[in-house]
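*Asks:* Given chain A, put chain B in place with the hints provided.
Chain residues, written in single-letter form:
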Amino acid sequence: MTAEEITTDTFEVFGTTAVLLVTSADAVVPARTIADRLLAAVDLACNRFRSDSELSRLNAADGEPLAISPTFADLLATALRAAKLTGGDVDPTCGRALSGLGYDRDFAEVRAAGSVPPRLTGPVGPVPGWRQVRLDHGARRVRLGGGAQLDLGATAKAWAADRCADQIAKSVRCGVMISLGGDVAVAGKPPPAGWQVRVTDDHAAPSWVAGQTVTISGGGLATSSTTVRTWELGSRAVHHIINPATGEPARSCWRTVSVAAGTCIDANAASTAAIIRSAAALDWLHDLGLPARLVRHDGTVETTAGWPQDDPGEAA
Amino acid sequence: MSEHDARAAAWDRDAGMAKITAITWRVGAAGVAVAGLLTVALGHHADASQASHGRNTIVIPAQPPQPAAGPGQVTSGAS
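Those protein sequences? They're chains A and B, same order as listed.
So that you can map any letter, position 122 of the first sequence is 123 in our numbering, and since no number is skipped, the others follow by simple counting.
So that you can map any letter, position 16 of the second sequence is 45 in our numbering, and since no number is skipped, the others follow by simple counting.
The following block holds chain A by itself, in its conformation from the complex (with noise of 0.2 Å):
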């Protein structure tokens, strides 16, 4: 396989971009093809600035249980994982707490409005946490318990870049990386030299922007930020990171984080997490075996378990 056979697709999606590269040439069409259908399945079931989603009607629903499709399904499953296996802090009920904050609506016009306006009524305390989220998986049956507003922010995309790889690579039999705003998964045979990933803190940065080029050959590799989701509540910046333990965006000494895990959706619950876990995230990531890449807001860059260092001429 030579690098001029690997084909290119770039489309918008979910409101961002997504880059999705195949190792033949003929593969690229039913990719896309598999690609889209995933991925209006995702958008239609999660979207939570659409009313006809599953989860709008879920939130909406004041806590009576819901019948709910198979990729609804699944999709809460995997963020009811992540807020186990992070200890909480990837929480899929921050869904009051963002739209509290402003972001009630796609972030397109959240931040062409500009300054938003502070609505919230009094001290945002705690999110309702994800044990309220009653689902049973097997029934496809979910409830929600204490006033829990979902957002699946943290989880869908990843989750829909796994599935989206792995289907490509099964279906069309060919290596294939997908990128959606950033979270990466790869599947099927790579190319030999593997498949090349730039991290930084924004997916759209140029290629000049500082960061770091590195390759993987399996799994993931997602990058959470504060410093790109951003937008003014009154008078203060605000991001879309939210901590559970206080429902506002979390304070981190981390700008930037990447990590490479065995699935997209690991690399993004981790990723998240270590930006709400701070300073103890470096070795909650070396305990876990995961390799990261974690930027101060100076600059000055840490990694874990085996991620390579910076090229010294590069800043991060």
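The set of hints was computed from the structure by calculation and includes no laboratory data.
List of simulated lysine to any residue pairs, SDA-like, C-alpha gap at most 25 Å: (1) A:Lys190 with B:Gln95; (2) A:Lys190 with B:Arg84; (3) A:Lys190 with B:Ala91; (4) A:Lys171 with B:Arg84.
*Replies:* Same frame as chain A, now just chain B:
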């Protein structure tokens, strides 16, 4: 040795062999079961093709990222 003693010795031998065979089967079956449990418990090095939402641990990659040069084929950053 009388004919009776010879028969008794043969019977004891066959009974002993039967016990050894039974024990061997049990040990073998237990080994297969333990191997299966170990596979489930330790088989957490995975690639992206393996669904992970049923796993009870964060799955580490088969190998860590390797250093590379150039702009990369995709960019992993926040969106």
